[in-house]
Every structure is written in structure tokens, then in C-alpha cells.
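Colleague: In order, the protein sequence lines correspond to chains A and B.
Quick note on numbering: the first sequence equals residues 187 to 358 in the numbering used here.
Quick note on numbering: the second sequence equals residues 313 to 434 in the numbering used here.
Honestly, the hints are just simulated from the structure, not real lab data.
Heads up, a few of these hints could be off.
Unchecked claim - Simulated crosslink set (BS3-like; lysine-lysine; CA at most 27 Å straight-line):
no., chain 1, residue 1, chain 2, residue 2
1, A, LYS288, B, LYS348
2, A, LYS326, B, LYS397
3, B, LYS432, A, LYS288
4, B, LYS397, A, LYS258
5, B, LYS397, A, LYS334
6, B, LYS320, B, LYS432
7, B, LYS348, B, LYS413
8, A, LYS242, A, LYS258
9, B, LYS348, B, LYS432
10, A, LYS326, B, LYS320
11, B, LYS426, A, LYS326
12, B, LYS348, B, LYS422
13, A, LYS329, B, LYS320
14, A, LYS329, B, LYS426
15, A, LYS326, B, LYS432
16, B, LYS359, A, LYS329
17, B, LYS348, B, LYS426
18, A, LYS326, A, LYS258
19, A, LYS334, B, LYS426
20, B, LYS413, A, LYS334
21, B, LYS413, A, LYS288
22, B, LYS397, B, LYS413
23, B, LYS359, A, LYS334
As the list claims (entries may be wrong) - Pair by pair, the computed Cβ-Cβ distance ranges are:
no., chain 1, residue 1, chain 2, residue 2, range
24, A, ASP322, B, SER403, 27 to 35 Å
25, A, PRO300, B, SER419, 53 to 61 Å
26, B, SER419, A, ILE292, 25 to 33 Å
27, A, LYS326, B, SER403, 16 to 24 Å
The model shown is predicted, which means the values in this text are computed figures rather than measured ones.
Backbone N, C-alpha and C define an ideal beta-carbon position, used for all residues, glycine too.
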Amino acid sequence: MLSQQNELLSAITLSLDKSGWVEALVIGICVAIAGALSAYGFTWFHWRRLEAEAAKTSLLRQLHDLVEAFEKLCLEYWLSNGGDRDAELAIRIQITHRMIHKYARIFGNLQSAPALARERFFRFSSQIYDEATGGDFQGKGRKLSRSKANTIARQCSDARALLNELVYRNAL
Amino acid sequence: MAIFNIGKDFSTDPQGRYYSDETGSSGEEFRELHLKPRIELLESDEKLEIILDDGVESYGSSFLVEGFGGMVKYGYIRSDVLLSKLQLTFSDEDFAFYRDKIVEYISAAKFNSKSYVSTKNK
């Protein structure tokens with residue numbers, strides 16, 4: 187496209203010697219404006235794409251942090267026999283899970299989100315909810331459960347690995 | 313259509329599975345005192361709309377399994393019939409998750425697989 191513009195400008199310069207120089211000038215100005223608009227358009231789309239990718243990476247990192255926080259809360263809750271902090275931990279577990287699912291939904295609605303990753307993450311959200319808030323969750327006299335804690339820790343680790351992979355792929 | 317607003321008519325903080333959990337808003341209490349009687353009063357083609365999110369911030373799986381799945385588990389109503397009679401509504405999109413889980417728990421429950429024994433006063 188640039189070479190074509192150069193040829194056109196050369197032709198215009200040569201034609202200035204002949205009659206019709208005003209016409210040649212107008213054509214030259216139009217070509218220059220067209221070139222400037224093309225460059226602007228390309229730059230605009232390029233920066234929009236970069237901003238979208240940066241927003242997606244930020245969303246994935248926030249999800250990663252939420253999963254990490256959720257895991258810590260669940261381990262503290264399920265590795266104890268209930269105590270003063272039980273009510274607070276239970277609320278924070280439920281609300282943190284709600285935030286995880288909200289962000290997962292936002293990610294899932296992105297057109298560029300890989301379908302398989304989306305499906306895996308929704309499945310993780312559903313399974314972790316059952317595990318963390320099922321059984322005798324919020325029950326009086328509930329007992330600690332190492333198996334629950336183990337399962338939750340493993341599932342959260344898998345989810346964080348998936349998110350790290352998505353962040354890495356997004357950066358490529 | 314009959315309407316039941318969990319936040320206004322039951323509790324803004326549903327929690328726990330049984331009466332014996334002493335939360336005052338357990339799944340067992342929700343089922344026995346509110347959901348079961350209302351389902352039984354419905355006309356043959358009538359539905360019960362349950363508003364999930366008015367004042368309620370979240371639900372635990374233990375509450376939902378006992379509250380909704382228990383209707384099928386204790387033989388009060390079959391899964392498909394219960395699902396056809398319920399309309400779960402919300403205005404906050406976050407609650408689509410809880411709606412889906414309720415449907416999942418009702419569908420997965422085995423009809424009349426357990427005899428109900430109240431945990432009240434236990």
C-alpha cells in the first residue's frame with residue numbers, strides 16, 4: 187500500500203510540470219489523508235486488542251487470587267473442630283465462592299475464552315461448592331475433615347494450574 | 313401462582329442442615345415448615361414461585377440439599393413432579409448458580425430412600 191502511495195506521489199510530482207497542477211495537488215492531498223486514516227485505524231484496532239488481552243489477563247489473575255483465598259479459608263475451616271471463628275469462616279467461604287463463580291461467568295462470557303477451559307472452570311466451581319459447603323457445613327458440633335481438606339486443596343491447586351496456563355497462553 | 317420469598321418469609325441467612333444444628337433457619341425447617349406445606353396446597357396445574365435472592369446473600373450446599381433434595385429423599389414428591397411445580401426466580405445473576413444446584417440436587421435425590429425422623433429437640 188505504501189509503495190503504491192509513493193508511485194502516486196511521484197506521478198503527481200511529475201505531472202506538476204504539465205497543465206492541471208491544481209488537480210494533481212488535490213489528488214495528492216486526498217492520498218495523504220487516506221494514508222493517515224489507514225494508519226490511525228490500524229493503530230486504534232491494535233491498541234484495542236492489546237487492552238482487551240490485558241483485561242483478560244487481569245481477570246484471570248484475580249480469579250487465581252480468589253481461588254487461593256478460598257482454599258485457605260476452607261482449610262482453616264475443615265481442619266478444625268469448630269470454634270469461635272466458625273461463623274465468620276462459613277460466611278467468608280460462601281461469599282468467596284460466590285465471587286469465584288461471578289468472575290468465572292465473566293470470563294466465560296468473553297468471546298476469546300477457550301470453551302474447554304470455560305467448561306473445566308465451571309465444573310470446578312460446582313464441585314468445590316459441594317465439597318466445601320456440603321456435609322455438616324454450618325452444623326452444630328461439626329468435626330474436622332482431613333479428607334475434605336485434602337480434596338479441596340487438590341481441586342484448588344488444579345484450578346490454579348489451569349488459570350496459570352491460561353495467563354501464559356494469553357501472553358503469547 | 314403461589315409465591316414464597318425465602319429472604320422475607322423464611323430467613324435472610326439460611327444455614328445448616330437440621331433442626332439440631334440450632335441455626336433457626338436450617339434446611340430441615342425450611343422443608344418441613346414451608347416448602348412441603350406449600351407444595352401440598354398447590355392446585356394440580358399450579359406452580360410455586362420461590363424467590364431466591366431477596367435479602368439473601370448466599371446458600372450452602374448442606375442447606376439446599378436438605379431443604380430441596382429432602383423433599384424427594386423422604387418420599388414426599390418425585391423429582392420430576394417437584395421440578396415441574398417449582399419456579400425458581402432471582403434478579404441477581406449470581407443466583408443462577410444456586411438455581412442450577414437446586415435443580416441438580418432435586419434431580420439426583422432418590423425417591424423415598426430414607427425415612428424421615430425429625431431432629432427437633434435432639
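Colleague: Against this structure, judge whether each hint is valid.
Modeller: Evaluated hints:
Between A/LYS288 and B/LYS348 the alpha-carbon distance is near 31 Å, which puts this suggested pair outside the 27 Å criterion. For the suggested pair A/LYS326 and B/LYS397, the alpha carbons sit about 32 Å apart, so the restraint of at most 27 Å is broken. A distance of roughly 36 Å separates the Cα atoms of B/LYS432 and A/LYS288; the hinted pair therefore is violated under the 27 Å criterion. A C-alpha spacing of about 40 Å is found between B/LYS397 and A/LYS258, which places the hinted pair above 27 Å, so the restraint is violated.
The hinted pair formed by B/LYS397 and A/LYS334 fails the criterion: a straight-line CA distance of about 34 Å is larger than 27 Å. Annotation: proposed proximity of B/LYS320 to B/LYS432 holds, straight-line Cα distance about 23 Å (limit 27 Å). A distance of roughly 19 Å separates the Cα atoms of B/LYS348 and B/LYS413; the hinted pair therefore holds under the 27 Å criterion. Distance check on the hinted pair: A/LYS242 and A/LYS258 sit about 25 Å apart at the alpha-carbon level, within 27 Å; holds.
At roughly 17 Å between alpha-carbon atoms, B/LYS348 and B/LYS432 fall within 27 Å of each other, so this suggested pair holds. Between A/LYS326 and B/LYS320 the alpha-carbon distance is near 25 Å, which keeps this suggested pair within the 27 Å criterion. Our distance criterion of 27 Å between C-alpha atoms is met by B/LYS426 and A/LYS326, whose separation comes to about 22 Å. Proximity of B/LYS348 to B/LYS422 is assessed by CA-CA distance (about 17 Å); at most 27 Å being required, the pair is judged to hold.
A distance of roughly 32 Å separates the Cα atoms of A/LYS329 and B/LYS320; the hinted pair therefore is violated under the 27 Å criterion. For the proposed pair A/LYS329 and B/LYS426, the alpha carbon gap of about 23 Å is at most 27 Å, so the pair holds. For a cut-off of 27 Å, the pair hint linking A/LYS326 to B/LYS432 stands: about 13 Å separates their Cα positions. As the CA atoms of B/LYS359 and A/LYS329 are separated by approximately 39 Å, the hinted pair breaks the 27 Å bound.
Our distance criterion of 27 Å between C-alpha atoms is met by B/LYS348 and B/LYS426, whose separation comes to about 16 Å. Distance hint between A/LYS326 and A/LYS258 is fulfilled; the C-alpha atoms sit about 22 Å from each other, no more than 27 Å. At most 27 Å may separate the alpha-carbon atoms for a hinted pair to count; A/LYS334 and B/LYS426 meet this at roughly 24 Å. Among the hinted pairs, B/LYS413 with A/LYS334 is consistent with the structure: their alpha-carbon atoms are about 20 Å apart, no more than 27 Å.
At most 27 Å may separate the alpha-carbon atoms for a hinted pair to count; B/LYS413 and A/LYS288 meet this at roughly 15 Å. Note on B/LYS397 and B/LYS413: the hinted pairing holds, with a Cα-Cα distance of about 17 Å set against a maximum of 27 Å. For a cut-off of 27 Å, the pair hint linking B/LYS359 to A/LYS334 is broken: about 38 Å separates their Cα positions. The hinted range of 27 to 35 Å is satisfied by A/ASP322 and B/SER403, whose Cβ atoms lie roughly 31 Å apart.
For the pair A/PRO300 and B/SER419, the supplied restraint of 53 to 61 Å is violated, since their beta-carbon distance comes to about 28 Å. At roughly 27 Å, the beta-carbon separation of B/SER419 and A/ILE292 lies within the given 25 to 33 Å, and the hint holds. The given range of 16 to 24 Å is broken by A/LYS326 and B/SER403, whose C-beta atoms sit roughly 33 Å from each other.
Checked against the numbered hints given earlier, this structure breaks hints 1, 2, 3, 4, 5, 13, 16, 23, 25 and 27; the rest are met.
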